[in-house]
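> Chains U and B, in that order, give the protein sequences.
According to my numbering, the stretch in the first sequence is residues 1 to 116, in order.
According to my numbering, the stretch in the second sequence is residues 1 to 110, in order.
By construction, these hints were calculated from the structure, which means they are not laboratory data.
Possibly wrong hints are sitting among the right ones.
To be verified - Each computed SDA-like pair below joins lysine to any residue, with the alpha-carbon atoms no more than 20 Å apart: (1) B/Lys97 - U/Tyr64; (2) B/Lys97 - U/Gly103; (3) B/Lys36 - U/Pro39; (4) U/Lys57 - B/Ile47; (5) U/Lys53 - U/Leu78; (6) B/Lys97 - U/Arg96; (7) B/Lys36 - U/Arg44; (8) U/Lys3 - B/Ile47; (9) B/Lys70 - B/Lys97; (10) B/Lys56 - U/Arg96.
Unchecked claim - Here are some of the chain U residues that sit facing chain B, going by a computed Cβ distance under 8 Å: (11) Leu43; (12) Gly63; (13) Tyr64; (14) Leu90; (15) Glu104; (16) Leu105; (17) Gly108; (18) Glu109; (19) Gly110.
Glycine included, C-beta positions come from ideal geometry on N, C-alpha and C.
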Amino acid sequence: DVKVTQSSRYLVKRTGEKVFLECVQDMDHENMFWYRQDPGLGLRLIYFSYDVKMKEKGDIPEGYSVSREKKERFSLILESASTNQTSMYLCASIPRRGQGNTGELFFGEGSRLTVL
Amino acid sequence: GQQVMQIPQYQHVQEGEDFTTYCNSSTTLSNIQWYKQRPGGHPVFLIQLVKSGEVKKQKRLTFQFGEAKKNSSLHITATQTTDVGTYFCMFSGGYNKLIFGAGTRLAVHP
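With the hints as extra help, turn the sequences into a complete structure.
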């Protein structure tokens with residue numbers, strides 16, 4: 001079974017703290033994604049990575065950065081957490097496919113971050 | 001950019017009633033996927049539709065892809081309490097760009 005593991009299910013941080021959210025997948029997938037999920041807004045893409053050391057901004061990258069030093073690991077970094085970054089963060093991965101044939105997206109369990 | 005509209009946002013049904021959620025796009029889609037997220041859980045893949053007019057069934061769930069490949073629906077017959085959750089459609093908006101509908105949250109009253 002494909003497994004996408006997020007390091008923390010629940011985190012509580014203070015405004016201004018640096019926050020690391022780690023995601024590891026064990027199926028050698030090229031593509032990895034970070035989404036945030038908020039009530040009424042669905043899933044919004046923060047960043048994605050299609051290869052080691054490669055990254056692209058999603059729809060809401062402001063206030064976030066990412067790191068992909070190894071194929072299996074994709075980290076989301078909040079340099080200075082703010083209260084409006086309180087949310088559920090979901091990591092996902094998918095193997096590289098040709099355009100038009102996406103394949104199944106595998107999600108981690110999610111990390112619920114509260115910024116006080 | 002490409003977007004998909006998913007309706008309704010919420011649906012409350014009595015157990016045994018049917019339920020349908022719709023996704024509509026202004027542009028032709030190469031494929032569409034459906035996911036289910038249980039309360040407190042993460043989205044889980046249900047199915048992918050690729051062909052124009054395609055219909056697929058999974059027990060009480062029926063998935064359709066429109067003839068013009070611009071809309072899709074998920075229909076649940078005779079809902080059960082285990083169907084509770086949020087249902088999302090998703091499509092590929094280009095290489096590595098995956099776009100989700102806002103989701104339909106289903107509540108089932110016993």
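> For a quick check of understanding: which of the numbered hints are violated here, in increasing order?
The structure conflicts with hints 4, 10, 12, 13, although it agrees with all the remaining ones.
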